[in-house]
Amino acid sequence: MILVGANVAVAKALADALPVPLIIGLRCLIACAVLLPLALWRDGALLPGRRAMANLLLQAAFGTVLYNVALLAGLRLTTALEGGIILATLPAVVALGSAAWLRERIAPRGWAAVVLAAGGMAAIVLARSGGGEGGSTAGNALVLLAVCGEAAYVLLAKRAAGALPLLTATLWMQVFSAALVLPAWLPELGAAARLADPALLSLLLFHALTASVLALLLWYGGLRRAPAGIAGVFTAFLPATAAACAILFLGEAPGAVHAVGFLLLVASMLLATWPSRRRA
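The sequence shown begins at 1 in our numbering and counts up by one.
Be aware that one or more of the hints could be misleading.
[What the hints assert, rightly or not] Okay, the calculated beta carbon distance ranges per label pair:
| # | residue 1 | residue 2 | range |
| --- | --- | --- | --- |
| 1 | Phe206 | Ala107 | 26 to 34 angstroms |
| 2 | Ala196 | Leu270 | 43 to 51 angstroms |
| 3 | Pro165 | Leu126 | 24 to 32 angstroms |
| 4 | Trp41 | Pro198 | 40 to 48 angstroms |
| 5 | Leu189 | Arg224 | 35 to 43 angstroms |
| 6 | Ala100 | Gly251 | 35 to 43 angstroms |
| 7 | Ala99 | Phe206 | 33 to 41 angstroms |
| 8 | Ala163 | Gly119 | 34 to 42 angstroms |
The hints are simulated quantities; they were obtained by calculation from the structure and are not laboratory data.
Note that the Cβ used here is the ideal one computed from N, Cα and C, for glycine as well.
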């Protein structure tokens, strides 16, 4: 979660320097180059069944393409600070999606988390209407769309949990993602000349290796050793790290309304993911 939060600031810097489709395409290719030998070594056979392939294609469309396109495009228009705070709505959006699509019942505590998330988003909207520097309503709306894409990915992954080894599933997701954005990023290849800047190239490599490979492996590896409810509590590190990186490395200045929105959204995340006494 710390790596994912740090990548909000990294994605902001990349989106300011490179075309969004090129960032996603190169990120997926780098991830495939790393994951292919690992998957062959650990999992052996790499060809999933038709149903698993269809689910992975949908996961790639929502969790990689929609999430990254909307996030990177949104970060061009808003601040990394506000973008990171908005990402904290994910547990609440997943809860609503579970109720609407998987017909799961939302407990009263879940509804309270949704209300707190809505309050946090209202604070961010209030910050925008107050004319704060650096962000925009359109950019924040795109980041929220990215959250919806990631929530769809979570629900699809939940539906297919355990059907494939982790490395194989992650590899095919990156392959599908690269193929889906191919028509958009190939025409932008000329902009890759900007990667002659070592600092920009380092940011891209960090972004690809951490967001598409290491963060996933750490997260799912952790889920094998800790209950999902306990793991969910640690999602609070995502907005906290994103905010810290935006302030420390990008020089963004938080306001009082940002602090209120941050506290409401972190409270929403903790309420939605903290394990119940009975489960503990």
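Which numbered hints does this structure break?
-> Numbers 1, 3, 4, in rising order.
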